[in-house]
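J.: Chain A is fixed; fit chain B onto it per the hints.
Protein chains: 2
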Amino acid sequence: MNYPNGQKRKPSPIQRKSNKQTDFSNRGMTLEEDINQSNKAYLQSGRAVIHKKPTPVQIVHVDFPKRSAAVIKEAYFKQASTTDYNGIYKGKYIDFEAKETRNKTSFPLSNVHEHQIKHMQQVIEHGGICFVIIRFTHHGETYLYPAKKLLPWWERQTNGGRKSIPYHIIQQEGHFIPLAFHIRVDYLSIIDEMNL
Amino acid sequence: MNYPNGQKRKPSPIQRKSNKQTDFSNRGMTLEEDINQSNKAYLQSGRAVIHKKPTPVQIVHVDFPKRSAAVIKEAYFKQASTTDYNGIYKGKYIDFEAKETRNKTSFPLSNVHEHQIKHMQQVIEHGGICFVIIRFTHHGETYLYPAKKLLPWWERQTNGGRKSIPYHIIQQEGHFIPLAFHIRVDYLSIIDEMNL
Numbered sequence: 001m002n003y004p005n006g007q008k009r010k011p012s013p014i015q016r017k018s019n020k021q022t023d024f025s026n027r028g029m030t031l032e033e034d035i036n037q038s039n040k041a042y043l044q045s046g047r048a049v050i051h052k053k054p055t056p057v058q059i060v061h062v063d064f065p066k067r068s069a070a071v072i073k074e075a076y077f078k079q080a081s082t083t084d085y086n087g088i089y090k091g092k093y094i095d096f097e098a099k100e101t102r103n104k105t106s107f108p109l110s111n112v113h114e115h116q117i118k119h120m121q122q123v124i125e126h127g128g129i130c131f132v133i134i135r136f137t138h139h140g141e142t143y144l145y146p147a148k149k150l151l152p153w154w155e156r157q158t159n160g161g162r163k164s165i166p167y168h169i170i171q172q173e174g175h176f177i178p179l180a181f182h183i184r185v186d187y188l189s190i191i192d193e194m195n196l
Numbered sequence: 001m002n003y004p005n006g007q008k009r010k011p012s013p014i015q016r017k018s019n020k021q022t023d024f025s026n027r028g029m030t031l032e033e034d035i036n037q038s039n040k041a042y043l044q045s046g047r048a049v050i051h052k053k054p055t056p057v058q059i060v061h062v063d064f065p066k067r068s069a070a071v072i073k074e075a076y077f078k079q080a081s082t083t084d085y086n087g088i089y090k091g092k093y094i095d096f097e098a099k100e101t102r103n104k105t106s107f108p109l110s111n112v113h114e115h116q117i118k119h120m121q122q123v124i125e126h127g128g129i130c131f132v133i134i135r136f137t138h139h140g141e142t143y144l145y146p147a148k149k150l151l152p153w154w155e156r157q158t159n160g161g162r163k164s165i166p167y168h169i170i171q172q173e174g175h176f177i178p179l180a181f182h183i184r185v186d187y188l189s190i191i192d193e194m195n196l
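The listed protein sequences correspond, in order, to chains A and B.
Residue numbering for the first sequence follows UniProt numbering, starting at 1 and increasing by one per position.
Residue numbering for the second sequence follows UniProt numbering, starting at 1 and increasing by one per position.
Keep in mind that the hints were calculated from the coordinates and are not lab data.
Heads up, some of the hints might be wrong.
Pairs involving identical chains hold if they fit within one copy or between any two copies, as the list cannot separate such chains.
Quick list of in silico lysine-lysine cross-link-like pairs, DSS-like style, CA-CA up to 27 Å [what the hints assert, rightly or not]: (1) Lys92 to Lys73; (2) Lys66 to Lys99; (3) Lys148 to Lys99; (4) Lys92 to Lys66; (5) Lys92 to Lys163; (6) Lys66 to Lys78; (7) Lys99 to Lys53; (8) Lys52 to Lys90; (9) Lys148 to Lys104.
From a predicted model like this one, the values you see are computed outputs, not experimental measurements.
Same shape as in the complex, but just chain A (with noise of 0.2 Å):
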């Protein structure tokens, strides 16, 4: 298996240089990390303002110790309700999710909650861009997956369809990535050339 899967840290230049493998798949940050950079790297360059929503949490517990910050001492994790990536890009509302798959033949749709499939309804009929970021990382492999096409297995999976979308058909019917330097995970140029 020449794909790690995501557990290694940030390899050094020199050992970056070593590799055998020429492309990028195998530098071991995770799918967050790369649209992260991707995102930072647009933003300075006047390319788009997209950011990663804070994950959600519930306070129950504060505490205010004199001359120093408040220190949160108990709260849970929270579902989100829309997806973890918007913004504006070519005056357009943007919006996506991204996941991170180990599955190899399938997306399983247990990775996207209803919550988020009901917002992404929501930003297509207001006119957004709206898709998901996928890695298989097994395939070291990234697609976008327009959210109209994720619709249709989200709807027939909850008539008693199949619970996953096929690896092939996502390889048919998504934009492959590829994995890059300067912007590591550069979807708005699968956005530009999609004519979205």
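T.: Same frame as chain A, now just chain B:
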């Protein structure tokens, strides 16, 4: 003083009816609650998709008890790098911050952080609708103040200018948002009027 400063709990409908005031400024909801209610109403009627971002939290320690949910045991509040609210309205990207002040004569610029100002600037450059909703709790008045008007005040402040925007300027340059029942802070109707 006829306007309590957002300390009172929501009165029952009977109490509300017997109020001498006919406006809704003294129902004791915070600006955040009012905006969340408005966003919910917009979402339900299909008028817009606008959400508040979760509070940014730096998580330091998490416990994973057996057979129960993960508990965050140590975390700290982080400064937001963007504004609190964003979404899509009439196909356009919309982005804003909401601030309450108890100050009677001006809006202190210390209510806004540099990161947020920079973010607003970027949103404007990309053609997004960007503004601040300011509530003067003492006056019981809420205004939509365009980010384009706010930025020069910030600029002047960093060059030694005054550290607040006078109340009368916000009255003149801003747009008064009347408090209403169905949609408490109907800022989208103001956006429509402004023809943004």
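J.: So, for every hint listed, does it hold in this structure?
T.: Hints versus structure:
Taking the closest pair of Cα atoms, Lys92 and Lys73 never come within 27 Å of each other, the shortest separation being 40 Å inside a single copy and 40 Å across copies. When the C-alpha separation of Lys66 and Lys99 is checked against a cutoff of 27 Å, the pair qualifies only between copies, where the shortest distance is 26 Å, while the shortest distance within a copy is 41 Å. With identical chains, the CA atoms of Lys148 and Lys99 are at most 27 Å apart within one copy only, with a shortest distance of 17 Å there and 37 Å across copies. Proximity of Lys92 to Lys66 under the C-alpha cut-off of 27 Å is found in neither arrangement, the shortest distances being 46 Å within a copy and 45 Å between copies.
Taking the closest pair of Cα atoms, Lys92 and Lys163 never come within 27 Å of each other, the shortest separation being 32 Å inside a single copy and 34 Å across copies. When the C-alpha separation of Lys66 and Lys78 is checked against a cutoff of 27 Å, the pair qualifies only between copies, where the shortest distance is 18 Å, while the shortest distance within a copy is 29 Å. Both within a single protomer and between protomers do Lys99 and Lys53 lie at most 27 Å apart by alpha-carbon distance, with minima of 15 Å and 20 Å respectively. In this homomeric assembly, Lys52 and Lys90 come within 27 Å of each other (Cα to Cα) both inside a single copy, at 18 Å, and across copies, at 23 Å.
Taking the closest pair of Cα atoms, Lys148 and Lys104 come within 27 Å of each other only inside a single copy of the chain (23 Å); across copies the shortest separation is 50 Å, beyond that limit.
Going down the numbered hints, you'll see the structure goes against 1, 4, 5, while the others check out.
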